Amino acid sequence: MLCLLATLVLFASSPTAVSAEEAKSPAAPGVAASAPAEAATTAPAPAFTKEMADSIANQKIAMDTIWVMIAAFLVFFMNLGFGLVESGFCRAKNTVNILFKNFVVFAVSSIAFLVLGFGLMFGDGNWLIGLKGLFFATGADNSPATGDVYQGVYHALNWTGVPLWAKFFFQLVFAGTAATIVSGAVAERIKFKAFVIFTLFMVGVIYPIGGHLIWGGGWLASKGFLDFAGSTVVHSIGGWAALAGIIMLGPRIGKYGPDGKVHAIPGHSMTSAAIGVFVLWFGWFGFNPGSTMAADGLSIAHVATTTNIAAAAATLSSMITAWMLLGKPDLGMALNGCLAGLVAITAPCAFVSVPSSLIIGILAGIIVVLAVFFFDRIRIDDPVGATAVHLANGVFGTIALGLFADPTVCPAAAAAKPGLFLGGGMAQLGPQILGVALIAVVVFALSMAFWFVSKLLSNGIRVSEEEEIEGLDYHEHGNSAYPNFQLVERR
Amino acid sequence: MLCLLATLVLFASSPTAVSAEEAKSPAAPGVAASAPAEAATTAPAPAFTKEMADSIANQKIAMDTIWVMIAAFLVFFMNLGFGLVESGFCRAKNTVNILFKNFVVFAVSSIAFLVLGFGLMFGDGNWLIGLKGLFFATGADNSPATGDVYQGVYHALNWTGVPLWAKFFFQLVFAGTAATIVSGAVAERIKFKAFVIFTLFMVGVIYPIGGHLIWGGGWLASKGFLDFAGSTVVHSIGGWAALAGIIMLGPRIGKYGPDGKVHAIPGHSMTSAAIGVFVLWFGWFGFNPGSTMAADGLSIAHVATTTNIAAAAATLSSMITAWMLLGKPDLGMALNGCLAGLVAITAPCAFVSVPSSLIIGILAGIIVVLAVFFFDRIRIDDPVGATAVHLANGVFGTIALGLFADPTVCPAAAAAKPGLFLGGGMAQLGPQILGVALIAVVVFALSMAFWFVSKLLSNGIRVSEEEEIEGLDYHEHGNSAYPNFQLVERR
Amino acid sequence: MLCLLATLVLFASSPTAVSAEEAKSPAAPGVAASAPAEAATTAPAPAFTKEMADSIANQKIAMDTIWVMIAAFLVFFMNLGFGLVESGFCRAKNTVNILFKNFVVFAVSSIAFLVLGFGLMFGDGNWLIGLKGLFFATGADNSPATGDVYQGVYHALNWTGVPLWAKFFFQLVFAGTAATIVSGAVAERIKFKAFVIFTLFMVGVIYPIGGHLIWGGGWLASKGFLDFAGSTVVHSIGGWAALAGIIMLGPRIGKYGPDGKVHAIPGHSMTSAAIGVFVLWFGWFGFNPGSTMAADGLSIAHVATTTNIAAAAATLSSMITAWMLLGKPDLGMALNGCLAGLVAITAPCAFVSVPSSLIIGILAGIIVVLAVFFFDRIRIDDPVGATAVHLANGVFGTIALGLFADPTVCPAAAAAKPGLFLGGGMAQLGPQILGVALIAVVVFALSMAFWFVSKLLSNGIRVSEEEEIEGLDYHEHGNSAYPNFQLVERR
Amino acid sequence: MKKIEAIVKPFKLEDVKKALSEIGITGMTVLEVKGFGRQKGHTEIYRGAEYVVDFLPKIKVEVAVPAESVPAVVERIVTAAHTGKFGDGKIFVYDLEEVVRIRTGERGKEAL
Amino acid sequence: MKKIEAIVKPFKLEDVKKALSEIGITGMTVLEVKGFGRQKGHTEIYRGAEYVVDFLPKIKVEVAVPAESVPAVVERIVTAAHTGKFGDGKIFVYDLEEVVRIRTGERGKEAL
Amino acid sequence: MKKIEAIVKPFKLEDVKKALSEIGITGMTVLEVKGFGRQKGHTEIYRGAEYVVDFLPKIKVEVAVPAESVPAVVERIVTAAHTGKFGDGKIFVYDLEEVVRIRTGERGKEAL
Ligand SMILES: Nc1ncnc2c1ncn2[C@@H]1O[C@H](COP(=O)(O)OP(=O)(O)O)[C@@H](O)[C@H]1O
Ligand SMILES: Nc1ncnc2c1ncn2[C@@H]1O[C@H](COP(=O)(O)OP(=O)(O)O)[C@@H](O)[C@H]1O
Ligand SMILES: Nc1ncnc2c1ncn2[C@@H]1O[C@H](COP(=O)(O)OP(=O)(O)O)[C@@H](O)[C@H]1O
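Protein sequence lines correspond, in order, to chains A, B, C, D, E and F.
Mapping the first sequence onto this note's numbering, position 325 (from 1) lands on 325, and the numbers just tick up by one.
Mapping the second sequence onto this note's numbering, position 74 (from 1) lands on 74, and the numbers just tick up by one.
Mapping the third sequence onto this note's numbering, position 236 (from 1) lands on 236, and the numbers just tick up by one.
Mapping the fourth sequence onto this note's numbering, position 4 (from 1) lands on 4, and the numbers just tick up by one.
Mapping the fifth sequence onto this note's numbering, position 94 (from 1) lands on 94, and the numbers just tick up by one.
Mapping the sixth sequence onto this note's numbering, position 97 (from 1) lands on 97, and the numbers just tick up by one.
Note that these hints are calculated values from the structure, not bench results.
These numbers come from a predicted model, not from an experiment.
There are no misleading hints in this set.
Derived EDC-like pairs (lysine to aspartate or glutamate); straight-line CA-CA distance at most 20 Å: (1) Lys18/D x Asp259/A; (2) Lys34/D x Glu489/C; (3) Lys328/A x Glu50/E.
For reference, chain A alone in the conformation it holds in the complex (with noise of 0.2 Å):
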């Protein structure tokens, strides 16, 4: 401990050795280069002084990228939560393909994000694309230098001072959340290679120029659209393309009657659903607290408490919902209405109160219900519930944070104009509502566009009636996911 006192004495008496430093750091700002020189004729003493200093300078962006870096890894393992929740809610005779697809499905956004998608997000470019540093995230950077210090094409991330790495990182588990949220929505009649397919273009193009608009400088951006951790540009983009996949898939065999009766078809393990959403739950606090992308204290505390206290009242109020409407509490329903409270929440919880953040997570959980029966009416046959839980939601909860966004909730909220019930009439509900306007349109329409265009290149996107029936782990990948239990399947 005494040495790091030490240090910090005297870490301004060794300016070559910073330079060193930074000749070894692929990143270093060049910039500010003048300073310790200066810094350097008041402190005496010369020992230990390179490895201290450095050691002192680097607390901030080791802590930021710590801190970034570990909510990342959080959201990484909702891929677990969304595979679950997904092959939970399926038959078991397609749980290989669906656990699959979950799989797949954060390799291909990796490589994907990595060769054009994060280039196209966050180079910078005009109001709907990146134009540079396109492929492979090679631009120039000099992350983790931050604001006017920042100097390279991802001027859309400079205002957090984590390495470039991080960033990226940090931003592809996002993009692989976007594409997973397709994944249920399609479940149990896609082809396998058709959703690969699908995969590729959505973190290659669809997510990224969505995410542009919002996130990368975009239009949206300047038109002071909010979206703190993705209602919109991860769940609602998600949702629209999986709208746009159902609509192009058509029902499941069975799941309507010819007299318009909804059967429900269940799905073969609670227990998987269950853990997915605790998992899901888990991730969302790297989801959420993660998107201050610094190790802001209040911030990360605010937004974790309003993110939980959302998913909690979301869960309840789903669960009661449903327990009126259909007389028993039906865990399924309130699975979906915990995920739909984190969905909801997720746009406005670093702007929004704790008790904003009960409201919404209540309204969250209503919403939910209304769209699982809703959707089920209209003959849109989500398995899962993505629609509801991520379309309406997602969008639910970026207008949630025009009505209810207070600038002074905690250091990360001070971008937000105050909301219609705080007083701010549209300034900032304004925005909101055009960028889902927005998003829906572009996101929906690029989705129908390519499941149009697959299903005309293609022999289809859709399995055979037989191989439906007979369930797409035989089929499609020559396996079973259960060989050793007597499995009871009748559609």
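Using the hints, position chains B, C, D, E and F with the ligands against chain A.
What follows is chains B, C, D, E and F with the ligands alone, placed relative to chain A:
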């Protein structure tokens, strides 16, 4: 990196900038306001000062906060662990019910602790309960200020320099844990609604009272009673409440023969149970080391090690004990054994040496096996062993602190007096025994009272015989956990 | 926040306070004691100094420690991943046995590494083993002091500024991983007791010897052999031990037809296997980035990215390779592929560029598929593919470091010499090949010797034919994993 | 009385049940079985190795009926379960000597 | 010889087994089945949609016995499996032409 | 026609199937069952308590054959399923009145 270095040199030159930050932060302490002004006279260069100074000033708070929050996330994740241990140890026909209970218990806890529990536990008050800042954690508070600088109504938490919401969130996940312990003990026969209401009472009243006595500045705190991470506060309180529940509910149908014979009722998935215990062990690294509530490296490393060694030792000692008594190594018992070791080391983890933790672990593993046998003999039907694990070992661990405490093992240990085996006589052991006894009386009485009143006011707290036989999943939720699997259920 | 700011201004004014802290801390380095005294002359204000100064002085240690500990927790969590991959890939009738093995392996590792392994591996000693501070990690040690200031018997770890127990715990979770690799390879036929005893030997002797050679300051370390996070130290060592075990046990009944035909023996739950791999991928973000053992932001971000890209690339390349060879995408193979990428990047993760990690990942995915076929052809019956994953790719990754190393990619890379493909010739590749060969000989020989002696001294290490057919769960544990499910087991 | 056993493809169960209900059959018992016959099994892949699954999932429907109902029941099942592809299954008819309804103790046709 | 098949409620299996043991029946074979009959199925809820589960879990107990034991066995099963509610199940009796014990090759009553 | 039911040990299924294929039996139906008999059950342990599992996993193989094939089939099964230990299982033979192949509507021996 260089800009940070410059920061350090120049930090003091911009007191106004600091004041700006102070204005923005909702909890900035006003006390030390003059210091920066004084300092401002020495440093020359003006550039970058505000952000840099803030950044450095925030580092300790930030680091403490991210540690506390990450630890809290790990503890949150224990909900999954409990959900899986409990559902794995119960039958397939009750899986939805148990998962649902474990899910809703944290949602209810979140709301109950926000609305009332936190204030009751940590608000300034009398020897028994908190009286100030009761509702919605909205009392006056200038966290992260600590010690004498702290001005607010939650003095019991003024030793940790993290924001109020970090304190709230960290304490919330502990409260949730106490409530979830009960879930397993009353499984397979309690009405869903009765359990939900109990959870409200548990997290809103029972746990905060017990907690105030110990961690909230109440009577036991003043007597020198110590419990680092909650062997008593969390586990015994949960355990006593569970015991009361079991007594009021009675054993499951078929558990005890008319001749007094104990019939095993095997759980439906050792995979679930084993995942659950791994997740709990993992989460405990947030539970115990996180209870430093500060990024105190030496203590964290020490606590993680004692925690792990106790868990490992208890796993082995329970395995061996059961092996000797039953002739074969029994996984279920070893899983309980692992948890027993974790529960037992929870109170003393920061106060005992690593070798002591080894001994405590070994004893915990033996105790849990004997306790399982004991509770079965006295017809306390606890499907998951919650009483043997959390109650018996919560008590043991609390006492063990009084036996093995060594104030020199790590910085956090300084609060303890030497234990009996380290020549401290009854100095620490005395208060520990006192605490165990008082908590037993208070919590058991409150819980019994609750169950008793519930029974009177409602249609009973236990499902009907038919519902119990056919399963709570169908009767309570109209649902089944594994509809694609051929189940074999005869009881 | 302000109080911290004041801290920074005034930190040097209270040397006595610092000494107090020094006295309290069991490992405070005494060397730099004069520095604060000197510094004390410049700063005026006296208030709050002790805590503030301590706080700042502790920051680097604290940050390094929380990073190392969190990384270690993630690595610990990999035990769950291994448990699920292995049990998922085995039959339902052996599930309890495999889960139990994976559970007990970490418990035994914890004790064995505490009692002997750590000292043997990291204690100062000769070229082959440690000789000082052998037992209970109780050698003299003044960690977190580093470099020349370090005074103690664990010099090989003097480069990381974290407390001794952090070093111990981090190294322990690695040791546990090496042991758990063997578990899967010998599954479904080894006696429980034989495996437990092997684990003791593995973690108490084999792993520490291999580890001392490389990370403990032994012969290979002196030759310039590099292995950042353990492709060789953990994975190859585990792999060679596994290979020896497989050879001594022979294949499972029914695996190879009399005609030499390979019969697939499908695992019982692809859900378990997929969860397992996700958990491992998650845990690997502790394994590789954590091996910085310091909060070195640039290196951490770099290592996390190379790790992830290699995993993603290997997932895809293994999927495609298997698809081309077998006609369908095979989830089991892709899961193995993902792990192969992770194992291969483990040694070079800090030393190679992101594009290189992509290439390494692609190759690893191809290698693992070919290795699975190869081992099956030579009748090495490895139920989970441990040899193809950990041995083949542990070797490949270690060599790949010698091919792709680039000392400029991140601060942590400075230790490497340029690889063959970067114009470094054999400078780094030479030592790598040497290390692979030496470890192969040492570990394989020790393992074979152990199994051989075990066979002689006991009643054999393999269960009887009847036990194997009816399942180890019943025969070894008198237990069944899924008693409520109708199983279908014919082999 | 006769007992009719029909081995049918799993996804045809609902149709068979409906067809039987229409002619007043109010009770039946159903079992999960695996069938082996002309319908070829398939090859599955597991971590690189292939293996043949030659027992295919089928449903066995058991119905006890008065002798005179047999032709109608058989005809109904054939119609409902027919796809024309290998593996549609078989119907077996056995003599049934006695039936007892446990709830009431009724016997013979009364008990059906 | 006769073969007696009893469809009973799952939780009655233990009682039936015990009742049969008491009259010296030492062997039986048991199957998980699903039953459809007068006992109504129930409605389950899944993510907001309802669906009817009309096949209920039942146990089928199969016992091969000498012809003369039939009345006793039937009576025993009726008593043991009776609850008086719909769905108690049925007992079916068939003629059994031959029995072989695989272990010994014994045939007929010897083999039971 | 006759229906032959064989209760065998699970791991003997492959052998039985092979033995029957060799004499031209091309179809059979297989069920997972639990058996109770002379072969003693075993004691399992669960979290410290013991309990007896007395229903053991068995496989039931059902084959419909022309009457004249019965002796050959029985002999084959006995040979293939024999281990000589308790629990090897039993073979039951019933009369089978009618068979219908759903795919074609064929009846009787044609349908086998
Ligand atoms: N001889 C038999 N004995 C018992 N079951 C049979 C027999 N032959 C066929 N089956 C059953 O009927 C099912 C369908 O028979 P299969 O020969 O595949 O097709 P198909 O009936 O269309 O000719 C089989 O899967 C099997 O369950
Ligand atoms: N005609 C039948 N053929 C075969 N099984 C039947 C028949 N009728 C009833 N069963 C079986 O008997 C069970 C009980 O019959 P059910 O009509 O529900 O009640 P109960 O026997 O009390 O009148 C059913 O679930 C079904 O398995
Ligand atoms: N009387 C019976 N009725 C129906 N099944 C029987 C009867 N006796 C035996 N079984 C079946 O045959 C199996 C083997 O019988 P068991 O008495 O254990 O051995 P063994 O046939 O070698 O004497 C039992 O598990 C059971 O499934």
